Amino acid sequence: MRENLIVVISFFVVVLISHTTSIRFYIPPNSKKCLKDEIHKNKEVSGFYEFPNSEVYITSVHVSHALNRACFITHVVCKFVSHESKFIYLNYFHVTDTNGHTLYQRERFTETSGKFAFTADEYDIFEMCFSTHLPPNSQGAEREVYLEIRKGVDAKNYSAIAKAEQLKPLEAELRRLEDLSDSIVQDFAYMRQREEEMRSTNESTNSRVLYLSIFSMLCLLGLAIWQVLYLRRYFKAKKLID
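Under the numbering used here, think of the first position of the sequence shown as 1, with each following residue one higher.
Bear in mind the hints are in silico, worked out from the structure with no lab data behind them. The model shown is predicted, which means the values in this text are computed figures rather than measured ones. Each residue gets a CB set at the ideal place from its N, CA and C atoms; glycine is no exception. Treat the hints loosely; a few may be bogus.
Unchecked claim - List of simulated lysine-lysine pairs, BS3-like, C-alpha gap at most 27 Å: (1) LYS43 x LYS33; (2) LYS43 x LYS115; (3) LYS156 x LYS168; (4) LYS156 x LYS41; (5) LYS43 x LYS156; (6) LYS36 x LYS115; (7) LYS36 x LYS168; (8) LYS43 x LYS168; (9) LYS115 x LYS32; (10) LYS115 x LYS33; (11) LYS115 x LYS163; (12) LYS115 x LYS41; (13) LYS115 x LYS156.
Stated by the list, open to error - Ranges between beta-carbon positions, derived for each pair: (14) ASP182 x GLU107: 33 to 39 Å; (15) ILE184 x GLU127: 44 to 50 Å; (16) LEU35 x ASP121: 17 to 23 Å; (17) GLU203 x ARG232: 39 to 45 Å.
Could you build the full structure based on these sequences and the hints that come with them?
Written out as structure tokens, the structure is:
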């Protein structure tokens, strides 16, 4: 019973600290869509992106005089057009940090899928932007994009590491668990650092509020004393008081 409990707890710990996320979204033709995520210092990031149905049919905006209209296409067929041709989208993918530095870049590619990887030197927010382009005077359907991001231990390819270092499966799994433990320790250390920073900021803010309150009270007290003295002189000048 105790061993089963340990296994269940270990499973939930691994699930909770998993740094793998995936998302599926759509990009209109000749437009850009960006996503943001955070990354800790010295953490590896790897990912996989895919453009399903890369080959689509596009149509010229100028159609025959008899039809006198242009239609918006679907992924596979187009109706009420004078000309139909097949075209592969030109895709663009950029990853930048908050300072505008390029972490990963790939332009004008037509492959339906690909992988990327980079490492952050500092804690930062990175931005991933996808864009697609069509020829001029053409219309196309929205592009479907599937994106999967892995961070930290999940970003490492332990199969390749085991093959390069000639590790046995058990040794590779122990290496993964060791890296996972180090990642947990680093995360807790980062949380402790953030806690200290927030506590320092809170204490500094409290001190400033206290000093501002004392200064405001002194200003009000000085203003009250000045008003009393001014009124006293005024009443004496009017001979209302002795």
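Worksheet item: LYS156 and LYS168: Cα distance at most 27 Å?
Response: holds (17 Å)
Worksheet item: Is LYS43 within 27 Å of LYS115, Cα to Cα?
Response: The given pair, whose Cα atoms are some 17 Å apart, holds under the 27 Å limit.
Worksheet item: LYS115 and LYS41: Cα distance at most 27 Å?
Response: holds (21 Å)
Worksheet item: Is the straight-line distance between the alpha-carbon of LYS156 and that of LYS41 27 Å or less?
Response: Distance ~16 Å between LYS156 and LYS41 Cα, so the pair holds.
Fill in: Pair hint LYS36 and LYS115, alpha-carbon separation not exceeding 27 Å
holds (18 Å)
Item to complete: Could you grab the alpha-carbon distance between LYS115 and LYS33 and see if it respects the 27 Å cut-off?
Response: Between LYS115 and LYS33 the Cα gap is close to 18 Å, so the pair holds against 27 Å.
Item to complete: Mind checking the alpha carbons of LYS115 and LYS156 for me, to see if they're no more than 27 Å apart?
Response: holds (13 Å)
Worksheet entry | Holds or violated: LYS43 to LYS156, with C-alpha atoms at most 27 Å apart | holds (10 Å)
Worksheet entry | Pair hint outcome, LYS115 versus LYS32 [Cα-Cα no greater than 27 Å] | Judged against 27 Å, a Cα distance of about 19 Å means the pair holds.
Item to complete: Would you mind confirming whether the straight-line C-alpha gap from LYS43 to LYS33 stays at or under 27 Å?
Response: holds (25 Å)
Worksheet item: At the C-beta level, are ILE184 and GLU127 separated by a distance inside 44 to 50 Å?
Response: violated (27 Å)
Worksheet entry | Restraint check for LYS115 with LYS163, where alpha carbons must lie at most 27 Å apart | OK: LYS115 and LYS163 at ~20 Å, within 27 Å.
Violated hints, in rising order: 7, 15; the structure is consistent with all others.
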